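Q: The opening residue of the sequence shown carries number 304 in the numbering used here; numbering runs sequentially from there.
FYI, nobody ran anything at the bench for these hints, they're computed from the structure.
Note that this is a predicted model, so its numbers are computed, not measured.
For each residue, glycine too, the CB sits at the ideal point set by N, CA and C.
Each hint should be verified, as a subset may be incorrect.
[As the list claims (entries may be wrong)] Distance ranges between label pairs, derived from CB positions:
(1) Met304 - Ala499: 38 to 48 Å
(2) Thr529 - Leu320: 41 to 51 Å
(3) Pro389 - Val312: 39 to 49 Å
(4) Thr305 - Glu416: 35 to 45 Å
(5) Tyr446 - Leu488: 13 to 23 Å
(6) Asp317 - Pro354: 13 to 23 Å
(7) Ala344 - Glu469: 40 to 50 Å
(8) Trp470 - Thr305: 34 to 44 Å
(9) Ser419 - Glu469: 29 to 39 Å
(10) Arg392 - Pro354: 25 to 35 Å
(11) His381 - Ala344: 30 to 40 Å
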Amino acid sequence: MTPEEALDVLVAGDVALGRLDVLPTLDGMDDGLWALGALAARGVVVLNDPPALLGAHDKLLTSRLLRRAGVPHPQTWHVRDGRPAPVPRLPVVVKPRFGSWGSEVHRCAEYGELHSALASVRDTTWFTRHGALVQELVTPSGYDLRIVVAEGRVVGSVFRIAAPGEWRTNVALGGVRRAVTQPPLDACTIAIAAAAAIGASLVGVDLLPDGESWTVLELNGAVELTHEYAPWGDVFSEIASVLRRTALERLSLRTHLARDIA
304 MTPEEALDVL VAGDVALGRL DVLPTLDGMD DGLWALGALA ARGVVVLNDP
354 PALLGAHDKL LTSRLLRRAG VPHPQTWHVR DGRPAPVPRL PVVVKPRFGS
404 WGSEVHRCAE YGELHSALAS VRDTTWFTRH GALVQELVTP SGYDLRIVVA
454 EGRVVGSVFR IAAPGEWRTN VALGGVRRAV TQPPLDACTI AIAAAAAIGA
504 SLVGVDLLPD GESWTVLELN GAVELTHEYA PWGDVFSEIA SVLRRTALER
554 LSLRTHLARD IA
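Just need the whole structure built from these sequences, with the hints factored in.
A: Structure (structure tokens):
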């Protein structure tokens with residue numbers, strides 16, 4: 304159900320998992336942050352609350368939170384009309400602040416390409432509302448690693464392999480998922496730190512190989528899970544179990560605090 308529909312159903316002591324995605328127009332998020340806030344104020348335990356969802360989908364906020372937490376992440380600049388344009392070290396990527404599916408992402412190896420890319424998006428609704436991000440390019444390797452983290456625990460992962468001739472790994476652009484039997488330990492550690500940096504209960508963390516380690520590129524608060532994410536078991540049941548345990552712990556803590564105050 305939508306957050307607005309949940310307002311008509313859920314009461315104090317119930318549990319809700321916030322799941323909002325980026326709009327197809329790339330100029331913001333699905334409506335519902337306000338309703339999730341209202342549910343929390345009512346006493347509903349909200350997992351993936353508004354700050355966490357914003358931290359996942361607002362890529363400028365993502366960048367700031369990750370860098371503040373010391374999580375490896377490409378250097379990112381915010382470009383808007385009326386502000387001095389950055390002069391970053393090339394190559395870079397131009398992308399929407401609220402982006403998904405690899406849409407409107409431009410790879411720029413020369414300053415002329417950077418200026419052309421910014422000019423090509425300047426009249427879009429998403430640029431008018433939020434500007435664009437210019438981000439340091441992590442050298443493409445033809446794949447990335449998506450790790451799903453639930454309450455500080457890795458519950459699933461997949462490699463995403465770019466389509467032939469494509470540098471972006473998005474499934475929407477022809478990329479394919481490949482199951483991972485055992486994700487690298489260092490990547491798991493970084494993914495858990497990234498999820499903690501935005502305060503997410505359930506999030507997908509996209510990592511790119513970067514030298515001998517990994518760099519977090521993006522986070523996704525609306526991961527489309529498949530059984531490929533956990534070939535050893537049922538990823539859906541495992542996530543439900545982890546989140547249920549967290550919800551019960553929060554409800555128990557709330558009860559104890561209420562008794563102490565009384």
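Q: Is the distance from the Cβ of Arg392 to the Cβ of Pro354 consistent with 25 to 35 Å?
A: The hinted range 25 to 35 Å holds for Arg392 and Pro354, with Cβ atoms some 32 Å apart.
Q: Between Ala344 and Glu469, does the beta-carbon spacing fit 40 to 50 Å?
A: Since Ala344 and Glu469 have Cβ atoms about 45 Å apart, the given range 40 to 50 Å holds.
Q: Do the Cβ positions of Trp470 and Thr305 conform to the proposed distance bound of 34 to 44 Å?
A: 35 Å, holds
Q: Using the beta carbons of Asp317 and Pro354, state whether their distance is inside 13 to 23 Å or not.
A: 20 Å, holds
Q: Note whether the CB distance of Ser419 and Glu469 lies within 29 to 39 Å or breaks it.
A: 20 Å, violated
Q: Is it true that Pro389 and Val312 lie within 39 to 49 Å of each other by Cβ?
A: Given about 47 Å between the Cβ atoms, the range holds.
Q: Do the beta carbons of Met304 and Ala499 sit within 38 to 48 Å of each other?
A: 28 Å, violated
Q: Thr529 and Leu320, beta-carbon distance inside 41 to 51 Å?
A: 18 Å, violated
Q: Regarding Tyr446 and Leu488, is the given constraint of 13 to 23 Å on their beta-carbon distance met?
A: 18 Å, holds
Q: For the pair Thr305 and Glu416, does the Cβ-Cβ distance stay inside 35 to 45 Å?
A: Taking Cβ atoms as reference, Thr305 and Glu416 lie about 41 Å apart, which means the hint holds.
Q: Quick check: does the Cβ-Cβ distance between His381 and Ala344 fall within 30 to 40 Å?
A: 31 Å, holds
Figure legend: structure checked against the earlier numbered hints; hints not met, in rising order: 1, 2, 9.
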